[in-house]
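Asker: Each chain is listed here by its residues.
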Amino acid sequence: MLKTIVRNLLRGPVTMKGPAPAEAGIEELASRLDRAARARLGRSLSIREVDAGSCNGCELEIHALNNVIYDLERFGMRFVASPRHADVLMVTGPVTANMRDALFRTWDATPDPKWVVAVGGCALDGGLFKGSYGIVGGVGSVVPVDLHIPGCPPRPIDLLAGLVALVEAAK
Amino acid sequence: MLDHLASIGTRAGDHRPFPRFDLDREAWAALVATLAEKPDWSLVGLWADTGIVHMALREDASGAVAVVSLACPEGRFPSVGGVRPAAIRLERAVQDLFGVTAESLVDPRPWLDHDAWPIRLPLSADPPDPLGHPEPYPFLPVEGPGLHQIPVGPVHAGIIEPGHFRFTCNGETVVRLEQRLGYVHKGTEWLMAGRSVAEVAKLSARVSGDSTVAHSLAFARAVESATGAAVPARAVWLRALMAELERLANHLGDIGAICNDAAFAYMLAECGLLREKVLRAADACFGHRLMMDRVIPGGVAADLADDGRQLLARLVTDLREAFPPLIHTYDEKASLQDRTVATGRVATELVRRFGAGGHVGRASGRGQDARRSPGYAPYDELDFEVPVFADGDVNARVWIRIREVEASLGLVRQILDRLPEGPVHAPVPAAAGQGMALVESFRGEIMTWVAVREDGIVTRCHPRDPSWFQWPLLEAAIEGNIVADFPLCNKSFNCSYSGHDL
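Going down the list, the sequences are from chains A and B.
Under the working numbering, residues 1 to 171 are what the first sequence spells out, in order.
Under the working numbering, residues 172 to 673 are what the second sequence spells out, in order.
Calculated directly from the structure, the hints in this document are not laboratory data.
Be careful, since some hints might not be right.
As the list claims (entries may be wrong) - Among chain A residues calculated to face chain B with C-beta under 7 angstroms, some are:
hint	residue
1	L10
2	S46
3	V50
4	T96
5	M99
6	T106
7	Y133
Quick caveat, the model's predicted, so the values are computed rather than measured.
A virtual CB, placed ideally from N, CA and C, is assigned to each residue, including glycine.
Only chain A is shown next, with the shape it has when bound in the complex (with noise of 0.2 angstroms):
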């Protein structure tokens, strides 16, 4: 164990470069987000990950943000165990017709000013459960979402260009 601390001390950091913001992200953002909100927020984002309904692959690339190629918390930004705590919710899936009050209820009991991240295909619009009797639909048929992130599931550097620009939009 030493001799792999030693190793990396000696290496360095194997952290990737952050991305760009990404300009759709910013421009879905931008008519939402008020001025007052923006100079409360600072540059530190504190994120509710839900689980509404995904097949769990959103969940592994979520997960991914934290390992030490991505490390999410460079950007000031962390996951935290509370909706009390946070400042965005984070939603997977196509709602299902079980998680439906959960999620509103997490909403609910997130403080003011927050934001609604909703991310992989199906959280946009049910996705490949479209028209199931299981599902309400997206994300936004239950809270409203201030942005989207596509992709099934989408690639950790896509969820961090989306966050960047979340934060970037709300300087």
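Assemble chain B onto chain A, guided by the hints.
Answerer: Just chain B now, kept in the frame of chain A:
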């Protein structure tokens, strides 16, 4: 077992590759009684179709697999749950989706249906309207001095799928855990019925995102069995390559995450880096980090890129260098071992009774691996070990993963050396039939059953994720442990919510 089933039922003609027998009610009831006396006939699956219920069984000693079916036009069949407890949740699900009732079911409470859908019995011929007045779910009663309950979920504190856990505790000690699942129910089986093979393949890939290759493979092989499709040799080998990369990525991620839940973040950081390397290699070779939609009926959708062989060979070399020191770290840190050794024990007897596979089964002495038995190509030509441990604790489940990482690295190397040339896809013939496949995912054995019409429409598809037989054992594993060790136990199981809830 096959002789016995043939003697009590009629062999159905179009079911491949395992035989299917139609039973009448008496024969089914007699079989249930026989199962009570045959502990080595394990349940592989139980599912329904309109007016019919199917059950798949395996004789552990001989490896023989068969399906039995009972037409139940009145919507009732003798319950199997009494002799095979693994069937209880499956029977509750059948009841919720089809309205087919398992008589004398030990636990008749609804399972997937939370009374939030716009219809009831969605897969039945004539779904009625919802009840419209959801009643609180009746959790099992607990009585005794000093007991208190801790409800957790469906929204958990981490980046994790939703489910509800009801802990009953005496102080810090858990005396009972009761799970309530179904939150991620997306109506997948309902969506699958009546769609083309290509569309159902996409849904299969999303049964559980972490085992997307294995679920796609199970569906593809079931369809190929049903229709008699021949898969090009190169595709068969590429499928195994993808499956082993998937196993590597998941096991590496799990080893790190389990250690992290034992407050040893160093392993998460190091294993997370290795997992990322595997995913990037998969992306470079097959164009998707999780290799979703890459295995399709008839072959694979993407051939290995030209430089893929070199890239994967380098990956294997990298991992073989980086992995052993981490294992050494895991093995020598007393603070880590203190948390994992003797925590979350599952008895061998219980694992056998539930027919649990994967790391849960193999850590408790049940060495079932679908790659070996019934086995499928190309694993019959490959050299690999199936590790089995007896302790049944968190530590044993970590060690199963460690050994399987090592085995998978060997398999990837062998596949790269012997990968045949040629096409990677062949059309699926227009033929009707019923097919079944058993595939070993990183989590354990997946069973997929499919019925295809001649025009390429899937009339019924039932994927059974390994989690069905592992979730109930988690309830047993946590008993007598402290609440704070639940995340550790849970992560060491790593059951799929999506794969179970569908």
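Asker: All hints are to be evaluated individually against the structure, with a verdict given for each.
Answerer: Going through the hints against the structure:
{"no.": "1", "hint": "L10", "result": "violated (16 angstroms)"}
{"no.": "2", "hint": "S46", "result": "violated (13 angstroms)"}
{"no.": "3", "hint": "V50", "result": "holds (6 angstroms)"}
{"no.": "4", "hint": "T96", "result": "holds (6 angstroms)"}
{"no.": "5", "hint": "M99", "result": "holds (5 angstroms)"}
{"no.": "6", "hint": "T106", "result": "holds (5 angstroms)"}
{"no.": "7", "hint": "Y133", "result": "holds (5 angstroms)"}
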